[in-house]
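Visitor: Take the two lone chains, each set in its own frame, and fit them into one complex as the hints suggest.
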Amino acid sequence: DVKVTQSSRYLVKRTGEKVFLECVQDMDHENMFWYRQDPGLGLRLIYFSYDVKMKEKGDIPEGYSVSREKKERFSLILESASTNQTSMYLCASSLGFDTQYFGPGTRLTVL
Amino acid sequence: AQSVAQPEDQVNVAEGNPLTVKCTYSVSGNPYLFWYVQYPNRGLQFLLKYITGDNLVKGSYGFEAEFNKSQTSFYLKKPSALVSDSALYFCAVRDDDYKLSFGAGTTVTVRA
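Sequence lines, in order, name chains V and B.
Counting from 1, one number per residue, gives the positions in the first sequence under the numbering used here.
Counting from 112, one number per residue, gives the positions in the second sequence under the numbering used here.
Not one of these hints is a red herring.
Pair by pair, the computed Cβ-Cβ distance ranges are: (1) Lys-57/V / Val-194/B: 40 to 46 angstroms; (2) Asn-166/B / Tyr-50/V: 29 to 35 angstroms; (3) Ala-116/B / Lys-57/V: 22 to 28 angstroms; (4) Asp-59/V / Tyr-172/B: 26 to 32 angstroms; (5) Lys-18/V / Ala-125/B: 47 to 53 angstroms; (6) Thr-15/V / Arg-222/B: 40 to 46 angstroms; (7) Tyr-172/B / Ser-7/V: 24 to 30 angstroms; (8) Lys-169/B / Thr-15/V: 43 to 49 angstroms.
Which chain V residues face chain B? A few, computed with CB under 10 angstroms, are given here: (9) Gln-6; (10) Leu-43; (11) Arg-44; (12) Glu-56; (13) Asp-98; (14) Thr-99; (15) Gln-100; (16) Arg-107.
Just so you know, these hints were derived from the structure itself, not from any lab.
Positions of the beta carbon are idealized from the N, C-alpha and C atoms, including for glycine.
Just chain B, with the same shape it has in the complex (with noise of 0.2 angstroms):
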């Protein structure tokens, strides 16, 4: 069975800092991993995903991933943290499969 584990429940940074958000993940196939965000009373929005290819992975709003099949993770990341970024986020890994795993989520404060 697929799982994600997201073992911060807080990450805090300082404005214009750097941002990361760790997730590690478990499948028996090949890994299709996702980052959403939500900002507070919204639905999900997709930020970006690891398909295969290159093990850096770009999406929206200026935010990164990280593949690292050996340490089976998968940290987002933002070189710059604005106050906006403020929510919570969501790593998903699916194997083959239509089902989405989801971890439990870690809410990111950034203080101005």
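Only chain V is shown next, with the shape it has when bound in the complex (with noise of 0.2 angstroms):
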């Protein structure tokens, strides 16, 4: 079974703290992606990697980035946290065009 897994279920932070979010899978998937999840608007793509080191933008980059030093590990990074980053953080790896395998999430609170 594919296992993805994230650093942190529950996050709590200020704003204009600098917040990682680490996302870890097993698979040996070569893409990974970022997704925010918020009522009424499904899931939006921030980032995704197609490969170490490689990223593209998705749909609404702005405000946060990612690196992908291992193959197995992609991180997203918000620089300095506002209030309207507070979300649903969502993880997900494929192979190649196939079927994308999601983590548990990890809801963030930025007060």
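Guide: Structure follows, in structure tokens:
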């Protein structure tokens, strides 16, 4: 079974803090993705990576950056957290064009 | 650009009755369609996908989906719903790219 893990289930941060969200997958997938989920909006793609050190912007990259130094790990960085970044963050991975598998999510609250 | 629409915010059914969740899509190329389910405070779980072939696709937990190209629809179905099927369901579409586009989600409530 594919396993995607995320470093925290719940996270509370203050406005202006730098926030790191970590995602690890154990199936040697090339592609990894970061989404945010907000009620009524579904999932929106923030960034994705199709190889180590490669990244591409998704639909809503503003205020975020990413890092992929190793194939199994994909990090989402909020350089200076703001209250409008309070959301559920979901990481996913896939092999080629195949099915994306999701982690359990991190619910981030920015105060 | 690809997109999906889930026209129903909520679907309510009685246990034992058929369950249908609607999804319509728009793509420029061949559609690759997916259904995911999300239980409270959990990530998304893959249910099934349509890539090509038979218009009726079988998936996990007794779910199936019907692909209709002429109506650009991909309906999720279960012949006999269970209370434990109560969850948030997402339809997603991909064309010739890595990226998935998700619908806003449909909340399914199955009452005992």
